[in-house]
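2 protein chains.
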Amino acid sequence: MSKLVIVGTVAFDAVETPYGKTDKILGGSASYIGLSASQFNVNSAIVSVVGGDFPQNHLNLFLDKGIDISSVEIIKDGKTFFWSGRYHNDMNSRDTLVTELNVLENFQPIVPESYKDAKILVLGNLHPAVQSSVLDQMSDSSTLVILDTMNFWMDNALDELLEVIKRVDVITINDEEARQLTGQHSLVQAAKKIHEMGPEYVVIKKGEHGALLFNNGNMFSAPALPLESVFDPTGAGDTFAGGFAGFLSQSEAINFESMKKAVIYGSTLASFCVEKFGTERLESLKSEEICRRLIAFKELTQFEIETIL
Amino acid sequence: MSKLVIVGTVAFDAVETPYGKTDKILGGSASYIGLSASQFNVNSAIVSVVGGDFPQNHLNLFLDKGIDISSVEIIKDGKTFFWSGRYHNDMNSRDTLVTELNVLENFQPIVPESYKDAKILVLGNLHPAVQSSVLDQMSDSSTLVILDTMNFWMDNALDELLEVIKRVDVITINDEEARQLTGQHSLVQAAKKIHEMGPEYVVIKKGEHGALLFNNGNMFSAPALPLESVFDPTGAGDTFAGGFAGFLSQSEAINFESMKKAVIYGSTLASFCVEKFGTERLESLKSEEICRRLIAFKELTQFEIETIL
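Those protein sequences? They're chains A and B, same order as listed. For the first sequence, the working numbering begins at 1 and goes up steadily by one. For the second sequence, the working numbering begins at 1001 and goes up steadily by one.
Note that these hints are calculated values from the structure, not bench results. Glycine included, C-beta positions come from ideal geometry on N, C-alpha and C. Treat the hints with caution; some may be incorrect.
Pairwise CB distance ranges, derived in the manner of DEER restraints [to be verified]:
| hint | chain 1 | residue 1 | chain 2 | residue 2 | range |
| --- | --- | --- | --- | --- | --- |
| 1 | B | Ser-1141 | A | Phe-256 | 45 to 51 Å |
| 2 | B | Asp-1140 | A | Gly-183 | 23 to 29 Å |
| 3 | A | Arg-86 | B | Gly-1217 | 30 to 36 Å |
| 4 | A | Lys-21 | B | Ile-1308 | 36 to 42 Å |
| 5 | A | Gln-180 | B | Asp-1077 | 49 to 55 Å |
| 6 | A | Thr-99 | B | Val-1098 | 45 to 51 Å |
| 7 | B | Leu-1227 | A | Ile-110 | 32 to 38 Å |
The following block holds chain A by itself, in its conformation from the complex (with noise of 0.2 Å):
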């Protein structure tokens, strides 16, 4: 089985949607990222900090996945890193109504021994820093790297953020982000853009729409499957990143073939984060439920055309 290593938060989140609202539950970029892609064939670690008002249940939902959290390191005496948010109606747009960094705010992650040479480095969202500090633990060159970022850095780190754009080999940002990390409106030149930044994939999110995949001058797009109702958008970019590195973990090829089936995984993992508060879709989900919902997107995408011209 091939390494898995992902590096992003570990948190508490309240979140508020026209259906209702939570407590803090179970929440963070490596949580979700881990929990999507624990539904592959994969030795996967998470490296991340809590604090000693962690929950127990939850340590043991990342141990019951089979996902290696040694390297999730508890912090006593601290606090857990808290978000929370409220959706508006449309469910495009949300406020954050608290962030409090606690313990995220002096992580210093240690990728473990066992881990330096894994086949897919995953860094979730986190200040570009320190995600540059994990590459530099990296033992092997071939390890594909896939990078999740978010305009706040844009804003605060911009040159860090380039810095570290330069060393991965697979960029994953929404579509707003990717307009204002290039200052171009069509996603095609911005995805342009973006690849003389470095990455050799650009993975472009755009939420209720789907995902773009570019790769020299390769274009793949994937729709977002349409739902009856979407429950709390809450960690689909991070489920969709989890689906995406799971499938290519296991895949022979890292190619643009590949990466297309990497979308289309992604995307349907996502699709389930939606249906229900934080992870508690996921926490649930079979493989069964994964494989009908793939071929929903095959029946939702495909067709047959003649050129009758």
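Chain B: place on chain A using the hints.
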């Protein structure tokens, strides 16, 4: 060859986009639908009205494309419908600067005798009572009726709009309008409600995010072709409808499978429309170019997937 009748506006547009602005150029829903459908092997007729100020070269364009314009009424002492708009930088929204209905105000479309049994009728965006009056003239109940409409009629003539919606087979509508019409945010839910209103097929146009087709619980999603630049979005929805109807005119079967292909043809035609101002790109469009772009659409969306879980 089967017959296609198109009822809508033939107009002057003046458009301003971040790329420049035009004087009064050829516009109107029927113009775009007709030019787009003229790429197919079909006998088509436009039913519309213009004023004495409408130049012969525009009429000649339709004739050159083999479109029957004997039912485009010319009111010598009237003025042609005129619309002017300015697009915002993101091209997704626009301000209407001028709307002069002119001869459109008293437009009473008369379907030519020989087209009353047309295979396909496209009701371009017009007052829903006028759209209904066209339906009253059709003689063959097997005619496939495709309706396009917009939010203006939801605000100003909802009862008459619901009346005509009840009588059509296919509705094309954009995402925000589908939400407004049904009060449902989820497009899956919105499509269900619209099915209940009458149409067996619901096409939801999402602009740069493509289109969704719904029919009896079946769904199909087509992306828009990601473009390096969108020069002028005017007429893209009508061009989609023209390609959609044009394909179906040539198709033997009218069912979900042929509708899927029609959506792809419609999206392909629309992707050309936005590359230049107004109808310019459609006027010069060659069938080889369409074929090449159909292949690009297929490459953009098609994938093989194995269930590896």
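What hints, given by number in increasing order, does this structure fail?
-> 2, 7
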